[in-house]
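Listed in order, the protein sequences are those of chains D and U. Just so you know, the first sequence maps onto residues 1 to 108 in UniProt numbering. Just so you know, the second sequence maps onto residues 1 to 158 in UniProt numbering.
Worth double-checking, as some hints may not be accurate.
Lysine to any residue pairs mimicking SDA-like chemistry, simulated, CA-CA at most 20 Å apart [what the hints assert, rightly or not]:
id, chain 1, residue 1, chain 2, residue 2
1, D, Lys68, D, Ser40
2, D, Lys10, D, Glu76
3, U, Lys56, D, Ala27
4, D, Lys68, D, Glu21
5, U, Lys56, D, Gln31
6, U, Lys56, D, Glu21
7, U, Lys96, U, Phe118
8, U, Lys56, D, Gly94
9, U, Lys130, U, Tyr37
10, U, Lys56, U, His85
11, D, Lys68, D, Asn102
12, D, Lys32, U, Lys131
13, D, Lys68, D, Asn2
14, D, Lys32, U, Tyr5
15, U, Lys77, U, Tyr37
16, U, Lys56, D, Asn2
17, D, Lys68, D, Ser42
18, D, Lys32, D, Ser83
19, U, Lys96, U, Gly134
20, U, Lys96, U, Glu17
21, U, Lys130, U, Thr140
22, U, Lys56, U, Gln4
23, U, Lys56, D, Leu30
24, U, Lys56, D, Glu29
25, U, Lys96, U, Glu126
26, U, Lys56, D, Ser42
27, U, Lys56, D, Gly61
28, D, Lys32, U, Glu17
29, U, Lys95, U, Ala16
30, D, Lys68, D, Val33
31, U, Lys56, D, Gly65
32, U, Lys77, U, Tyr5
What follows is a set of in silico ranges between Cβ atoms, one per label pair, in the way DEER data are often shown [stated by the list, open to error]:
id, chain 1, residue 1, chain 2, residue 2, range
33, D, Ser40, U, Phe142, 47 to 55 Å
34, U, Asp75, D, Thr7, 44 to 52 Å
35, D, His100, U, Phe142, 13 to 21 Å
36, D, Ala104, U, Arg32, 51 to 59 Å
37, U, Tyr74, D, Glu91, 24 to 32 Å
If the Cβ cut is set under 7 Å, some of the chain D residues that face chain U in the computed set are [said to hold, decoys possible]:
id, residue
38, Thr7
39, Tyr14
40, Asp23
Note that these hints are calculated values from the structure, not bench results. Using N, Cα and C, we set each Cβ at its ideal position, and we do this for glycine too.
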Amino acid sequence: MNINIDTTEKENEYLIVLDGELDVYTAPELQKVLDPIRQSGSHNVKIDLTDVSYMDSTGLGIFVGTLKDLNQHERELRVTGVSNRILRLFEITGLRDLMHINEASEVE
Amino acid sequence: MALQYDYIEMKFPSSAEYVGLIRLTLSGVLSRAGATYDQIEDSKIAVSEAVTNAVKHAYGEDQTGEVLVGFAIYDDKVEIIVADHGQSFNYEDVKKELGPYTEDDNVNFLREGGLGLFLIETLMDEVYLKKDPGVTISMTKFINESQVHSNGETIVNR
Chain D
1 MNINIDTTEK ENEYLIVLDG ELDVYTAPEL QKVLDPIRQS GSHNVKIDLT
51 DVSYMDSTGL GIFVGTLKDL NQHERELRVT GVSNRILRLF EITGLRDLMH
101 INEASEVE
Chain U
1 MALQYDYIEM KFPSSAEYVG LIRLTLSGVL SRAGATYDQI EDSKIAVSEA
51 VTNAVKHAYG EDQTGEVLVG FAIYDDKVEI IVADHGQSFN YEDVKKELGP
101 YTEDDNVNFL REGGLGLFLI ETLMDEVYLK KDPGVTISMT KFINESQVHS
151 NGETIVNR
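Looking at chain U on its own, in the form it has when it is part of the complex (with noise of 0.2 Å):
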């Protein structure tokens, strides 16, 4: 059975004046997927602090490239892909690929003493990450655990 995800990939310069633009993205993708307000609110510090991290190290000082934000959303989750080296990707393939990150991604991660993978990890569900070419970072929120019908009456899902 096939899985039932509708798929958005953007393209952004890896400068940071883009982020707020990413927030607001992922809030309207967020909000229409049924997604709550501290969900939203989450997740886009989570998003940010990872096209943070791409905006500062994927490139030189004086460079810019690209930061490619993936967003598959499913019934009943949300996944963002953030991905530093703006190559555009085959989400199934990237999905494989995607492994737990250890100890050692996290230290690199946190080059500057920041606290960003903490975060991204304590805000979100699931955490992936892969790397080389560049840094490839997934997250998922799950939202929809229950729904209001539009005469207002609660339903839960499950």
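One chain only, chain D, in its complex shape (with noise of 0.2 Å):
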């Protein structure tokens, strides 16, 4: 009942990598992590949540805020590795169409 959180910097983007469960308990260190990186709005932000076993309604709010910031600075936000279960809450609550999930990316 614990997330770690890896975070890489490369060129244009910082990737995120997630491990655990993400919920009231686990998302201030999430916050911790993305709060210079969404004032600084000098990159842009993919999170791997392919090994994340649980997400709610606080995940779903740190990536719509997360969003809003990263936009504000023309950045964008990517949501990568999502099981069906969690893709179904983004579907639920109408957040699939606001945010890039499990899109392709351009580099790789």
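With the hints in hand, could you dock these two chains into one complex?
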């Protein structure tokens, strides 16, 4: 019931790989990592949820906030490795259409 | 005729670190009651949303109280009750007082622009709310539409 956050910077993008459960308890750790990135707006952000076993509205809230901030700086938020379970959350809340979810990366 | 159900009640400190433990407990209760994987996962999110709300709003910033979680296990459903005031309650009495929530409740519950109650409503089959004292929310998941015999044969109970 914890989360590991691994951040790597490459060119104009931060890749943030999450491993564990994203809920009200672990969200502050992710916020701590994202806050400076959201404020500076110098990079795009890609968040990898492949190893996230649980997520709820706390996670959705963080993604929406991050998206708003990044968009103001004309930066992008991409969310990858989203399981069917978690994708369902993005779908029923109507957030799927607002974000780049599970889209193939241009770089790779 | 008396209603047949088993009732389990637990109290947790209203602290974010226990939300995961409540999910684990719920998962065990639902699994034992015969719920499917998707039913368990949907309920985990809904109950976490209710507990998250209790942890964030029931007590002041620096205060910790208790969150009470009750599970009523019926043949065909599990009702989960989350109360943010931590007082033990009589399940039958609470049930009588619970009512459908209104738009007004919704606004209050979603104080931080969250999606909590929306998710609860979407993911569960029946949802009732009661306010004063504190917030009590009841969420029901219907299960056991079909069961599998030990010989692997699927039987439908209806």
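Going through the hints against the structure:
At most 20 Å may separate the alpha-carbon atoms for a hinted pair to count; lysine 68 of chain D and serine 40 of chain D meet this at roughly 13 Å. Restraint check for lysine 10 of chain D and glutamate 76 of chain D: satisfied, since their Cα atoms lie roughly 14 Å apart, inside the 20 Å limit. Simply put, lysine 56 of chain U and alanine 27 of chain D have alpha-carbon atoms about 13 Å apart, close enough for the 20 Å limit, and the pair holds. A hinted pair counts as satisfied when its Cα atoms are at most 20 Å apart, and lysine 68 of chain D with glutamate 21 of chain D does not qualify at roughly 23 Å.
With a CA separation close to 16 Å, the supplied pair lysine 56 of chain U and glutamine 31 of chain D stays within the 20 Å bound. Between lysine 56 of chain U and glutamate 21 of chain D the alpha-carbon distance is near 18 Å, which keeps this suggested pair within the 20 Å criterion. Between lysine 96 of chain U and phenylalanine 118 of chain U the CA atoms are separated by roughly 23 Å; this puts the pair beyond 20 Å, and the hint is violated. Restraint check for lysine 56 of chain U and glycine 94 of chain D: not satisfied, since their Cα atoms lie roughly 24 Å apart, outside the 20 Å limit.
With a C-alpha separation of about 29 Å, the suggested pairing of lysine 130 of chain U with tyrosine 37 of chain U is violated against the 20 Å cut-off. Restraint check: the Cα-Cα separation between lysine 56 of chain U and histidine 85 of chain U comes to about 12 Å, which is no more than 20 Å; the hinted pair holds. About 19 Å separates the Cα atoms of lysine 68 of chain D and asparagine 102 of chain D, which keeps this hinted pair within 20 Å; it holds. Pair hint lysine 32 of chain D plus lysine 131 of chain U does not hold up; C-alpha atoms about 34 Å apart against a cutoff of 20 Å.
Proximity of lysine 68 of chain D to asparagine 2 of chain D is assessed by CA-CA distance (about 26 Å); at most 20 Å being required, the pair is judged violated. Distance check on the hinted pair: lysine 32 of chain D and tyrosine 5 of chain U sit about 45 Å apart at the alpha-carbon level, beyond 20 Å; violated. Note on lysine 77 of chain U and tyrosine 37 of chain U: the hinted pairing holds, with a Cα-Cα distance of about 15 Å set against a maximum of 20 Å. Between the alpha carbons of lysine 56 of chain U and asparagine 2 of chain D the distance comes to roughly 19 Å, so the proposed pair stays at or under 20 Å and holds.
With a C-alpha separation of about 14 Å, the suggested pairing of lysine 68 of chain D with serine 42 of chain D holds against the 20 Å cut-off. With a C-alpha separation of about 24 Å, the suggested pairing of lysine 32 of chain D with serine 83 of chain D is violated against the 20 Å cut-off. Simply put, lysine 96 of chain U and glycine 134 of chain U have alpha-carbon atoms about 16 Å apart, close enough for the 20 Å limit, and the pair holds. At most 20 Å may separate the alpha-carbon atoms for a hinted pair to count; lysine 96 of chain U and glutamate 17 of chain U exceed this at roughly 32 Å.
Only pairs whose Cα atoms come within 20 Å are accepted, and lysine 130 of chain U paired with threonine 140 of chain U is accepted, the gap being roughly 15 Å. Between the alpha carbons of lysine 56 of chain U and glutamine 4 of chain U the distance comes to roughly 34 Å, so the proposed pair goes past 20 Å and is violated. For the proposed pair lysine 56 of chain U and leucine 30 of chain D, the alpha carbon gap of about 18 Å is at most 20 Å, so the pair holds. Under the criterion of a C-alpha separation no larger than 20 Å, the hint pairing lysine 56 of chain U with glutamate 29 of chain D is consistent with the structure, at around 17 Å.
For a cut-off of 20 Å, the pair hint linking lysine 96 of chain U to glutamate 126 of chain U stands: about 15 Å separates their Cα positions. Taken as a hint, the lysine 56 of chain U and serine 42 of chain D pair is broken in the structure, with Cα atoms around 32 Å apart against an allowance of 20 Å. Distance check on the hinted pair: lysine 56 of chain U and glycine 61 of chain D sit about 14 Å apart at the alpha-carbon level, within 20 Å; holds. Distance restraint check for lysine 32 of chain D and glutamate 17 of chain U: the Cα-Cα separation of roughly 17 Å lies within the 20 Å cut-off, and the hinted pair is therefore satisfied.
At most 20 Å may separate the alpha-carbon atoms for a hinted pair to count; lysine 95 of chain U and alanine 16 of chain U exceed this at roughly 27 Å. Distance restraint check for lysine 68 of chain D and valine 33 of chain D: the Cα-Cα separation of roughly 16 Å lies within the 20 Å cut-off, and the hinted pair is therefore satisfied. For a cut-off of 20 Å, the pair hint linking lysine 56 of chain U to glycine 65 of chain D stands: about 18 Å separates their Cα positions. Using a Cα cut-off of 20 Å, the hinted pair lysine 77 of chain U and tyrosine 5 of chain U holds, with the two alpha carbons roughly 10 Å apart.
Separated by about 49 Å at the C-beta atoms, serine 40 of chain D and phenylalanine 142 of chain U satisfy the suggested range of 47 to 55 Å. A beta carbon spacing of about 49 Å between aspartate 75 of chain U and threonine 7 of chain D agrees with the range 44 to 52 Å that was offered as a hint. Under the hint 13 to 21 Å, the C-beta atoms of histidine 100 of chain D and phenylalanine 142 of chain U, about 36 Å apart, miss the expected range. Between alanine 104 of chain D and arginine 32 of chain U, the C-beta spacing of about 42 Å breaks the proposed range 51 to 59 Å.
The supplied range of 24 to 32 Å is met by tyrosine 74 of chain U and glutamate 91 of chain D, whose beta-carbon atoms lie about 30 Å from each other. A distance limit of 7 Å between C-beta atoms decides the matter here; for threonine 7 of chain D the minimum to chain U is near 22 Å, and the interface restraint is violated. Below 7 Å, beta-carbon pairs count as interface contacts, and tyrosine 14 of chain D has none with chain U, the closest being about 25 Å; its hint is therefore violated. Hint status for aspartate 23 of chain D relative to chain U: holds, with the closest Cβ pair at about 6 Å, below 7 Å.
Consistency note: the structure conflicts with the earlier hints numbered 4, 7, 8, 9, 12, 13, 14, 18, 20, 22, 26, 29, 35, 36, 38, 39.
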